[in-house]
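Undergrad: Full structure from sequences and hints, please.
There are 2 protein chains.
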Amino acid sequence: MSYTAPVKDMLFVMNELAQLDQLTLLPGFEDCGSETADAVLEESAKFCEEVLAPLNWEGDKHPSTWKNGVVTTTPGFKAAFQQYTAAGWQGVVHPTEFGGQALPKLIATACIEMSNAANLSFALAPLLTDGAIEALLTAGSEELQNRFLPNMVSGKWTGTMNLTEPQAGSDLAMIRSRAVPQSDGIYRIFGTKIYITYGEHDMTENIVHLVLARTPDAPEGVKGISLFVVPKFLVNADGSLGERNDVHCVSIEHKLGIKASPTAVLQFGDAGGAIGYLIGEENRGLEYMFVMMNAARFAVGLQGIAIADRAYQKAVHYAKDRVQSRDLIGSPGPVSIIHQPDVRRMLMTMRAYTEGARAMAYVAAAMSDRAHHDPDLAVRKEQMALYEFLVPVIKGFSTEMSIEVASLGVQVHGGMGFIEETGAAQYYRDARILTIYEGTTAIQANDFVGRKTVRDGGAIARLLAQQIKQTERDLAISASADALAVLKQLAVTREVFEEAITYILANVKTDIKAVFAGSVPYLMLTGLLVSGWKMAIALLVAEQKLGQDIAFYSAKIATARFHAEHLMTKAPGIAGSIIEGSKSTLALVPEQF
Amino acid sequence: MSYTAPVKDMLFVMNELAQLDQLTLLPGFEDCGSETADAVLEESAKFCEEVLAPLNWEGDKHPSTWKNGVVTTTPGFKAAFQQYTAAGWQGVVHPTEFGGQALPKLIATACIEMSNAANLSFALAPLLTDGAIEALLTAGSEELQNRFLPNMVSGKWTGTMNLTEPQAGSDLAMIRSRAVPQSDGIYRIFGTKIYITYGEHDMTENIVHLVLARTPDAPEGVKGISLFVVPKFLVNADGSLGERNDVHCVSIEHKLGIKASPTAVLQFGDAGGAIGYLIGEENRGLEYMFVMMNAARFAVGLQGIAIADRAYQKAVHYAKDRVQSRDLIGSPGPVSIIHQPDVRRMLMTMRAYTEGARAMAYVAAAMSDRAHHDPDLAVRKEQMALYEFLVPVIKGFSTEMSIEVASLGVQVHGGMGFIEETGAAQYYRDARILTIYEGTTAIQANDFVGRKTVRDGGAIARLLAQQIKQTERDLAISASADALAVLKQLAVTREVFEEAITYILANVKTDIKAVFAGSVPYLMLTGLLVSGWKMAIALLVAEQKLGQDIAFYSAKIATARFHAEHLMTKAPGIAGSIIEGSKSTLALVPEQF
Numbered sequence: 001m002s003y004t005a006p007v008k009d010m011l012f013v014m015n016e017l018a019q020l021d022q023l024t025l026l027p028g029f030e031d032c033g034s035e036t037a038d039a040v041l042e043e044s045a046k047f048c049e050e051v052l053a054p055l056n057w058e059g060d061k062h063p064s065t066w067k068n069g070v071v072t073t074t075p076g077f078k079a080a081f082q083q084y085t086a087a088g089w090q091g092v093v094h095p096t097e098f099g100g101q102a103l104p105k106l107i108a109t110a111c112i113e114m115s116n117a118a119n120l121s122f123a124l125a126p127l128l129t130d131g132a133i134e135a136l137l138t139a140g141s142e143e144l145q146n147r148f149l150p151n152m153v154s155g156k157w158t159g160t161m162n163l164t165e166p167q168a169g170s171d172l173a174m175i176r177s178r179a180v181p182q183s184d185g186i187y188r189i190f191g192t193k194i195y196i197t198y199g200e201h202d203m204t205e206n207i208v209h210l211v212l213a214r215t216p217d218a219p220e221g222v223k224g225i226s227l228f229v230v231p232k233f234l235v236n237a238d239g240s241l242g243e244r245n246d247v248h249c250v251s252i253e254h255k256l257g258i259k260a261s262p263t264a265v266l267q268f269g270d271a272g273g274a275i276g277y278l279i280g281e282e283n284r285g286l287e288y289m290f291v292m293m294n295a296a297r298f299a300v301g302l303q304g305i306a307i308a309d310r311a312y313q314k315a316v317h318y319a320k321d322r323v324q325s326r327d328l329i330g331s332p333g334p335v336s337i338i339h340q341p342d343v344r345r346m347l348m349t350m351r352a353y354t355e356g357a358r359a360m361a362y363v364a365a366a367m368s369d370r371a372h373h374d375p376d377l378a379v380r381k382e383q384m385a386l387y388e389f390l391v392p393v394i395k396g397f398s399t400e401m402s403i404e405v406a407s408l409g410v411q412v413h414g415g416m417g418f419i420e421e422t423g424a425a426q427y428y429r430d431a432r433i434l435t436i437y438e439g440t441t442a443i444q445a446n447d448f449v450g451r452k453t454v455r456d457g458g459a460i461a462r463l464l465a466q467q468i469k470q471t472e473r474d475l476a477i478s479a480s481a482d483a484l485a486v487l488k489q490l491a492v493t494r495e496v497f498e499e500a501i502t503y504i505l506a507n508v509k510t511d512i513k514a515v516f517a518g519s520v521p522y523l524m525l526t527g528l529l530v531s532g533w534k535m536a537i538a539l540l541v542a543e544q545k546l547g548q549d550i551a552f553y554s555a556k557i558a559t560a561r562f563h564a565e566h567l568m569t570k571a572p573g574i575a576g577s578i579i580e581g582s583k584s585t586l587a588l589v590p591e592q593f
Numbered sequence: 001m002s003y004t005a006p007v008k009d010m011l012f013v014m015n016e017l018a019q020l021d022q023l024t025l026l027p028g029f030e031d032c033g034s035e036t037a038d039a040v041l042e043e044s045a046k047f048c049e050e051v052l053a054p055l056n057w058e059g060d061k062h063p064s065t066w067k068n069g070v071v072t073t074t075p076g077f078k079a080a081f082q083q084y085t086a087a088g089w090q091g092v093v094h095p096t097e098f099g100g101q102a103l104p105k106l107i108a109t110a111c112i113e114m115s116n117a118a119n120l121s122f123a124l125a126p127l128l129t130d131g132a133i134e135a136l137l138t139a140g141s142e143e144l145q146n147r148f149l150p151n152m153v154s155g156k157w158t159g160t161m162n163l164t165e166p167q168a169g170s171d172l173a174m175i176r177s178r179a180v181p182q183s184d185g186i187y188r189i190f191g192t193k194i195y196i197t198y199g200e201h202d203m204t205e206n207i208v209h210l211v212l213a214r215t216p217d218a219p220e221g222v223k224g225i226s227l228f229v230v231p232k233f234l235v236n237a238d239g240s241l242g243e244r245n246d247v248h249c250v251s252i253e254h255k256l257g258i259k260a261s262p263t264a265v266l267q268f269g270d271a272g273g274a275i276g277y278l279i280g281e282e283n284r285g286l287e288y289m290f291v292m293m294n295a296a297r298f299a300v301g302l303q304g305i306a307i308a309d310r311a312y313q314k315a316v317h318y319a320k321d322r323v324q325s326r327d328l329i330g331s332p333g334p335v336s337i338i339h340q341p342d343v344r345r346m347l348m349t350m351r352a353y354t355e356g357a358r359a360m361a362y363v364a365a366a367m368s369d370r371a372h373h374d375p376d377l378a379v380r381k382e383q384m385a386l387y388e389f390l391v392p393v394i395k396g397f398s399t400e401m402s403i404e405v406a407s408l409g410v411q412v413h414g415g416m417g418f419i420e421e422t423g424a425a426q427y428y429r430d431a432r433i434l435t436i437y438e439g440t441t442a443i444q445a446n447d448f449v450g451r452k453t454v455r456d457g458g459a460i461a462r463l464l465a466q467q468i469k470q471t472e473r474d475l476a477i478s479a480s481a482d483a484l485a486v487l488k489q490l491a492v493t494r495e496v497f498e499e500a501i502t503y504i505l506a507n508v509k510t511d512i513k514a515v516f517a518g519s520v521p522y523l524m525l526t527g528l529l530v531s532g533w534k535m536a537i538a539l540l541v542a543e544q545k546l547g548q549d550i551a552f553y554s555a556k557i558a559t560a561r562f563h564a565e566h567l568m569t570k571a572p573g574i575a576g577s578i579i580e581g582s583k584s585t586l587a588l589v590p591e592q593f
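Chains A and B, in that order, give the protein sequences.
Following UniProt numbering, the numbering of the first sequence begins with 1 at its first residue and continues without gaps.
Following UniProt numbering, the numbering of the second sequence begins with 1 at its first residue and continues without gaps.
Hints are not guaranteed to be accurate.
Since the list gives no way to pick one copy over another, a pair counts as held whenever it fits inside one copy or between any two copies.
In the BS3-like style, the derived pairs of lysine-lysine whose C-alpha atoms are separated by at most 25 angstroms in a straight line are [claimed, not checked]:
#  : residue 1 : residue 2
1  : Lys-320   : Lys-583
2  : Lys-8     : Lys-545
3  : Lys-488   : Lys-583
4  : Lys-156   : Lys-513
5  : Lys-583   : Lys-545
6  : Lys-67    : Lys-320
7  : Lys-78    : Lys-381
8  : Lys-320   : Lys-513
9  : Lys-156   : Lys-469
10 : Lys-381   : Lys-583
11 : Lys-583   : Lys-509
12 : Lys-78    : Lys-8
In short, the hints are calculated from the structure, not lab data.
Just so it is clear, the structure is predicted and the values come from calculations on it, not from any experiment.
TA: See below:
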């Protein structure tokens, strides 16, 4: 088996850290407890392991191809996608009124991790569709919802996000695509969009593009952007497919990784204008797109965790299998390399990063569930604030670490890792997009500093620090050697996190460049802290349950301690960079580079 | 120009940090001063920029191909190699008696950095040839030297290193290739060697393989390995080429990067045995091979610096060119992304790593020159010990950082970085081999802990710490804000380095696995310290010379301070991992992974 979904680990996080049982107390989630989670995860694991994982390497060898505007996906993808939709996986988290299962995001999160670990390129199609569904749910008219959502929730049609243009990447203010209103209330769309994931493919009969464009008299900048639905094929009133719309794929990119997923350049309106339907109100497109982007950013964070776990599993397999050199403490003959201390260090690093990031993301998913379902408005508000605080961290931290983890995965394989047929290199290549798309790490960090830390005067950040202090007290009460080792690092990390917040709040008005020079380090510091904190709680749970399953729980304890002693230990240096380092970061003028 | 050799930076390091002028006081180097260096570097830069650099992307698009045992290199490589040898670049560092120029390793080092930055795949052929020449110079008989060296030093023939076998990678004790002595004093070689860089190609008329194999009654393990010269074509007494030898390329690998350089599987002796000539004495092959490996390890460290610089140059170019978003402090319109603080942080990180590693490597090259040329035996011995101490650090640290730097290079490009045609991804792929071949980072770290730190009881390591303390005093005397900022971090880093040494020496006998669990972190910590130390000296020089060239020297000062505040700051965390972290690294049993 090339991928084994870590169901036991996932359920541990869901039950013990994200408190799935408490979600079942919320209206709508009464039947979504541990039994449901067990069943859904088992079924998802089976599908991902048996159907999606074997196609992953195929997709790398046989990328999607383009010919005369038609994109043909990797052999096997279309059939797999049909199985995926037939089993209802696209609708796990979506409303029952449109055919979904309305399960908690927490449960969907595990499924999404699995499909991405099994096949990142494949899983991008559902990921983008989820985002488009979210945007339509948020702002689409009832008519648009009824026309598009049932077939998107079922997976019969996929969705895309059309933001980027050649001159407008990170800066959406520079978007130039035009939307010209017609007499019958529709719009004609003109322009070029690039980097459109699954912008064209052969897996479904229709594709629902969500497109940012400007109406003729829109204000300049981001306040003049509107959001449109532009289907590949128009949809008749009876739901049947109508004419081909004026949107065409003029090429797909030749990429470093995720080669099976077509990255399209789409041309709108070369033959009179593509027909588009306005979502919500004019000039509020960016606001709606943020709904979609936040869902997608969380999901890309999961992609990081997924590829990290896949790389870890492969490295473990090789390390147990490859016999080379004697054991350092002596052995009759050569032993498998998992006995070498540095291989152990690499595997533990991969494992601790992955488990820590998973814990952070799943706990955040449960926050989102509470933010949407808790009857108490104050709880909903706080949970939403915490969730939104964590989204850029989950996206930024989990994807940055995934590159390091995938690189370690190559390293564990030695020379074999550099040979493409081994497969470890694919993860290294695939992972490399994750810190870029859906907003680079710097974009996440800008959001994290600006909207998530400064705007509320550090309130949510400090609330988190308070919650962490409670865990510190719990660790002190446990007082085991492991708990105390973790406590030492967690307390230091939380302290320097608070120092960073103080520095940011004190300087953001007077020296904004200095503060933003430390934005990515601040995001990474927070990722280390929150993932390490969740690992610390895992350790405390594991100490309680140790007798029930010594191998499993002792591994949780050791991994938490490793995280503290080898990953969280980076925190003071990072904080130093943030607080003292901006002068040297910004000292040169451009000509000196 | 896709690559511009940083001649000014190189000369700064050579003159101010590696003290080229002092080398001219040594016998044999009288004419090798600043003027010679200027001339050689200018000429090398021209060749690398104009001939080698444009072929780099060609090599990625059109890798070497194999057909029926024949390897055809990328179009243009053969002609470029002829130009390379015609200009005498292969012989820069080699003895004049075999046609070389016998220039200091310090000068050759700059040339090797340039050729690798321009075209890593191409430069591997000369790199391996250099190693083979070193081994023949060390242990080859006069007859073997005369038969092979002139054509290797001229570049007419290339050389290879044949170590690895399918079951013998990092552990050479497991080598099984056989060498059967014949009546006429030659040997017949049988076996399979893998991962042989330029093991077969069409750039030269002959290839000189250096091959590790066992004689029939050799002892087991590494003490039973002998080293042989096995030319692709036998060489007649008059120097003309004779029969084709029984060594054949059965395939080449499909690799993640360095695709132009053929990585061969070589089969020896399928038709009666390949004719080989013993180098030196039987069973001393590993010892001779270490000469070759040490030269090659140093050179692979240079490859890391080279690819880092190439990635940096490309990222700077893009960052100055790409216009996107307004300046954070306000601007009339969008500005180039080099004005974004996080882009600045990434570029400074790339720059500081590259300059720091370059300074370390070039200073070590000068140590090697003194180790071979100083009339005073005590000086020679100390310089050799310092050089050998640093070789695994130069190899391990410079290559590890090169992966991070190449990855940052992709990140600076945003979405464009993931598109292969941009070229940034090639560096990310190419760099990934550097921490693996010529001994993985763990192999370097084992050497660094075992042979370089423990064997002499930490004497050389502590000598280095003493030398660093002198720089700390100099920084205190300068007392500028920049010097004091660097002093703060340098002193802390040197202190934790000394703590790590103490820990290693105290525990290596009683808990060897715990110590080796920290071997790579200890190597990385040392790399940060030594590169940061050299940057600190650069800062002091730059403060003295500031008025002569403000733009250049102020950049040196800022880069040194950035190195201290953003890179050296990692040191305490790393030291903590080494000293306190081994328990969690080693806590799991293999079944728990």
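Undergrad: Hint compliance check: list the failing hint numbers for this structure, sorted ascending.
TA: 4, 6, 7, 9, 10 and 12
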